[in-house]
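Relying on the hints, combine the two individually framed chains into one complex.
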Amino acid sequence: MKKPAGHEPVDRRGFLKGAATGAGAVLINAPTTEAHVERQSPTETGAVPAPTAQQLTRDAGNARPPAESGPVVRKAGSDLLVETLKELGIEYVASNPGSSFEGLQESIVNFGNPPNTMPEFITALHEESAVDMAHGYGKAEGRPMCALLHGTLGIQHASMAIYQAYYSGTPILLLAGRDDHFIQAHTANDMAAMVRSFTKWDAQPTSLLGCVEALRQAYSEAMTPPTGPTLVILDTEFQKEEAAELAVPMYQPPNISAVDTATAREIAKALVDAGNPRLNVGRLRTPEGIRYAVELAELVGASTSTYATYGPMSFPQRHSSCGPGADTDYDFTLGLEAGPADIGLVGPGVDTQLVARDAMNVGFGGIRRMPPGFEPDELPDDPGLIPRFSAGSDVDRRIDVDAEASLPLVIEEAKRLMSGSQRRAAAERNTHHAAANVEARVASVRRALDDKRNGWDASPVSTARIYAELWPLIKDEDWCLASPTAFSGGHHRDLWDHNKPYSYLGGQGAAGIGYGLGASTGAALAAKRRDRIVINVQCDGDVNYAPGALWTAAHHRLPMLTVMHNNRAWHQELMFLEFMAGSRGRGTDRAHIGATLRNPFIDYKKMAETYGMAGEGPIGDPSQLQAALARGVASVKNGAPYLIDVITQPR
Amino acid sequence: MNNNVLKVRGGVLCVILSVAVGGVFAQEGDATKGKELYFGHGCYGCHGYNGETGARDLVGTDSPIIANVDRFLVYLRLRTEYAPLVPSTRMPAYPESALNDGDARDIFAYINTFELNAPAVEDIPAFQAILESAGRQLKE
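Residue numbers (the working numbering), protein chains in the order written: chain X, 1 to 651; chain Y, 1 to 140.
These aren't lab readings, by the way, just hints derived from the structure by calculation.
Check before you lean on any hint, since a few could be wrong.
Part of the chain X face toward chain Y, derived, beta carbon under 8 Å [unchecked claim]:
1) Lys475
2) Leu495
3) Asp589
Chain X side only, calculated, beta carbon under 10 Å to chain Y, not exhaustive [what the hints assert, rightly or not]:
4) Arg318
5) Asp358
6) Ala359
7) Asp457
8) Trp471
9) Arg493
10) Asp497
11) Met580
12) Ala581
Predicted, not measured: the structure shown is a model, and the values here were computed from it.
Every residue, glycine too, gets a C-beta built ideally from N, C-alpha and C.
Bound-form chain Y, shown alone (with noise of 0.2 Å):
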């Protein structure tokens, strides 16, 4: 794949998730049903059952997919017709016939009930004896 035609195909993707802020996509979701769903196809394959762990992180980071679920859903389907051209990531394509709007919506509110379970780097101790061991050469 050429690397320019990558570039083009990635900017157009950014501008219609930009348009799609818009609110084209408007009903909420359900977590309770997305839990199931979550796991139901197996999104915790790539993204950790808490979100947190895995291939991809959800939680703990500033991507624009999941920043609302208008840009979460037009994701979705610009992967079903754009996957092939963007080959950076191994996230699968979903059109409509696999995941309706209705499941994806539920999903992403079950996503959005995840919380970062992150303690400071201070507060585990075993994350100081890693850093004290560290700070030490072998001494031969």
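Pulled out of the complex, with its shape left as it was, chain X reads as follows (with noise of 0.2 Å):
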């Protein structure tokens, strides 16, 4: 690696050499230690060479710090790197601590003034909870957070959820400390090349200056469409060295591909001259994408659907215009990165990044192209697990431009090109519209109860009636569902309404186990500032996977109400796991083995208290449940996080 002029790089190889041997002469369990060498010693067992007594000593974790972290410094480069993330907006960084970056999380946590704001240092207890948590907080507020990670090890810990919020589409920034002068099995050449091919964009700059040029872009392609995680390698030397003649340039926001003019004002035409236009709403990139489409559909006397009860960033449900309008004999309808329609304004997928970005061709599976003859009817019907790429395969004439970015455009060119007449055609239609879509959600409503009903009085609970307790209590709050549903019966679909652009934060993003806490933290996170609390169904398997976030939730006091789906077991599974065997005519009897979580059961409200967080039950009568819940709301309104042990339904 190439050292910046003028600095003086510690000699840590030298330092570990004299620790390693200083150290083996205080240990305190030296005779057992001596006594396993000997013990395991290849002359007597012809097994591979042991440890040395050094080895051990060093595997141990007995390496000192340097006396001197490096040259005194008016000005780190950390510093210079914490006021980046300042400039770019970033509120939080989640991490577990490493020596790579002990330089930026103690900018992080000394620098600035009030030191340890924006951005703020989020502990975290494990790398995938962390890249979960900024997953949330992604999918919550449409832009970044940080996870910051140590070395290879920490990016292989936080691969499943970097897999995750890449299928997602979620903007991240992550970071990664490189220490190529200290644990070699730490560091590498390539430090990104473990996670490129599912990462939107990586660097690994060879100067401060290039760490902060590479924070700034890493935040702009993470934010630029297909959006999704970035990684900036940052090496350790970088974040140690002089910063005090340096500053950070102003951020400019991407140029997001837009449709031209020209186009803008064809779709526009198209819609004020439909006697009946319609707009197909699917998960746009921001709350302010949601905006322009209120307001062009309000324009042009639009019904509309959403996404809003399968994932964030969608039309709000419960506006006069959403739902099937008073007449669905729809002549034009325009899709906003969604189908079907007649034109869609899709944006680029993350399948577009596959040359730059799958080298090794590994081809994940939904991330590499369609083959051909590909049907969209083979996609799933769940919108919650069609990858974003994918929308718009149900579309007549696809534009492949961002949806959100090119609103703006229609809006404008649909106000030039209205008459009179037009606009209070398209007001008497709003007005029909509201009434029409009132009844059919009153109706939708109604046979959702008529359903949902059954099981209300069963023990254990039904995961309807957990959803249907909720809602008085959250109804009039500010709530963020952050939790996936699907396991839990996805009731909220029926029964909620969903208005905000976080209301739903989706599925996990590649239908993986273990994401649910973690990313119902970094909502939490997003929330705590807001005002807002955070709802979490979450399921035992799922929790199980990396629990500590519940202690993150608790030392960072955030606003996360945890109601378990305690059906103990991973319930999916041993559904499979019965039809199998079933199907080899072997039984059902004994495909509980390793798909439940029984003998014994795991106590949630002891691992909540074992972690810092109140909470109660297990409930297993129904009849209790609506006492707790509102304890947990009031908990959780007051910013302690709580957490409700639910003995459940199996769905």
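Dropping the structure here:
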């Protein structure tokens, strides 16, 4: 690695050598260690050579930091990096500590006035949790927060969460420390290569100013369609060098590709000339896009669909335009990151990155290009499971531009084109749509309630009752449902109103388990400064992958209510195993082996208490549920996370 | 799978189920034993602990499959032979070697103890709050 001019490298190799020797002399368990080495002698066992006492000392983590961490500087390079993050508007950096970024961590917590603010260091207990937090935050806000990873180890710990964020198209700014002079297993020549095929962009800068520029570009790339996680490798030496003479330039947001004026006019004309226009609205990028979609629908008198019951950043469900409208015989439909439509504005998907990002041709399913002959009806029914890039496969004429960036141009052209009579007709349609949409919504809810009352008084508690009992408690609050809900029945889709960009944050991304708690914690980070509460209907199988995020929520006092969907199983797999055993004629009485969480049952109230979070349960009597939920909502409104362990019906 | 083939197979299944109404299997089952078997064989996995929830409700439905024990038994056995051809459900197949007639009757007896715990929509306060919300639209 090329060193910056004037840099005084720290001889950490020399330090380590001395530390290993010295530490060995003061090991309090040295006799035991020596005995272990003796027993495992290759001359007796014929096995591979045993580690030496020095190696054991080193591996036990007895290395001490150097007396000096580098030359004394007036302003550290990592201070400059914190200024860069501040300029980008990064609120939080989630991380568990690692030696490769100790310079940056020290700057975050000590540099600035006030220190540890914009960004604030959020203590995670696992890198997967840290990235899941950034994932939940990114979905809720439509912009990145940071996850800070330690070397090759941190990136590998985080890789599953990165993978899911990539599938879900969520902007995240990932940072990873790199120290080429410390433990060699923690570094690599090309650190980002491990996750390159499922990150949007990465850089490993070779100077401090290069780091500043890389952070800015990484932010822009994360926010530019196809949105997704980006990764910057920060060498430890750059974090320590002098930066007193350097300043952070003002950040300029990226230009995002939109329709040209002629196409905007063509679309606008089709909308204003239509007797019954329609907008099908998918997942937009930011809340700003939703405001534009609402403005366009109201302007041209269009009814709309929404993706809001399946994921974030879509049309408000209870807006008067949202629903089938007064007349379902639509004569022109515009798709905004969604179909079906006559014309669809659909931004680029991650598949467009394949040539550059998947050099090894791993071809992760769903990311790779669709094979020849692929039919759109092969996509899953649940839009929450459809990768964002495949939106628009049912569009007659797809225009590959970002819908959100295009909307202002279409609105401007529509305003210019609309005659007085067209404006009056649009207003009249809006009135008719409003009445029809309320009627349709009430009828839909009545049908749903008739179904969801089944098992209302059953014990264990029905999953529908959890969602139904929550609604009166949160309907007048600013809430965010952050956990995926497919495994707990998805009842909010029928019972709740999804009116905010963050009402429901959708599925895991790649349908992977272990995401819910971390993502909810990240959503709660976003909620904390915005007077919002977060609901996490938490599957028991999922929470056990990385339960340490409970501690993060307690430590940072995050407004997150966790309601356990405790069916004591990885229940989807239990059903699959039963079918597999049944199809082979072997019976289903042993299918629970490996798919259930019994003997012993896990006590989630105690788990929460262990991590410092208040809670109660287990609750199997449905008559106790409402009061417990009320206590939970009251707690999170006061800023204290809360967990309720509810023993539930399987689905 | 060709849909027409499925329709034909489905028709055959219905005919056989109808014939079975005549009472090929006549013995009553033991609901107490059936409860243990219901949980032991993981029936709750798809039908819920009370038969009211999950992928397939057992109570509050008009399913002919559980109209009587004879149909139930025929269905279990027919799935063994025809399951791959009747992919409309993920219900496992149950040959007699995996679940004998006596145990199946016991399970059926237990299923028949299930009752629908479904209060009227009007009697559930939370539902009334949901309906009230449904009748309102967002005011910008």
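Do the hints match the structure? See the list:
1. Residue-level restraint check for Lys475(X) holds (minimum Cβ-Cβ distance to chain Y is 6 Å; threshold 8 Å).
2. For Leu495(X), the suggested interface contact is upheld, since its CB lies about 5 Å from the closest CB of chain Y, less than 8 Å.
3. At a threshold of 8 Å, the smallest CB-CB gap from Asp589(X) to chain Y is about 5 Å, leaving the interface hint in force.
4. The beta carbon of Arg318(X) comes within 4 Å of a beta carbon in chain Y, closer than 10 Å, and the hint placing it at the interface holds.
5. A cut of 10 Å between beta carbons decides the hint on Asp358(X): the least distance to chain Y is about 34 Å, and the hint is violated.
6. This hint is violated: Ala359(X) has a C-beta 40 Å from the nearest C-beta of chain Y, more than the 10 Å allowed.
7. Given hint, Asp457(X) at the interface with chain Y, holds; its Cβ is 4 Å from that chain's nearest Cβ, closer than 10 Å.
8. Checking Trp471(X) against chain Y: minimum C-beta separation of about 5 Å stays under 10 Å; hint holds.
9. Taken as an interface hint, Arg493(X) does not check out: its beta carbon lies about 12 Å from the nearest beta carbon of chain Y, beyond 10 Å.
10. About 6 Å separates the beta-carbon of Asp497(X) from the nearest beta-carbon of chain Y, less than 10 Å, and the hint is met.
11. Given hint, Met580(X) at the interface with chain Y, holds; its Cβ is 8 Å from that chain's nearest Cβ, closer than 10 Å.
12. Taken as an interface hint, Ala581(X) checks out: its beta carbon lies about 7 Å from the nearest beta carbon of chain Y, inside 10 Å.
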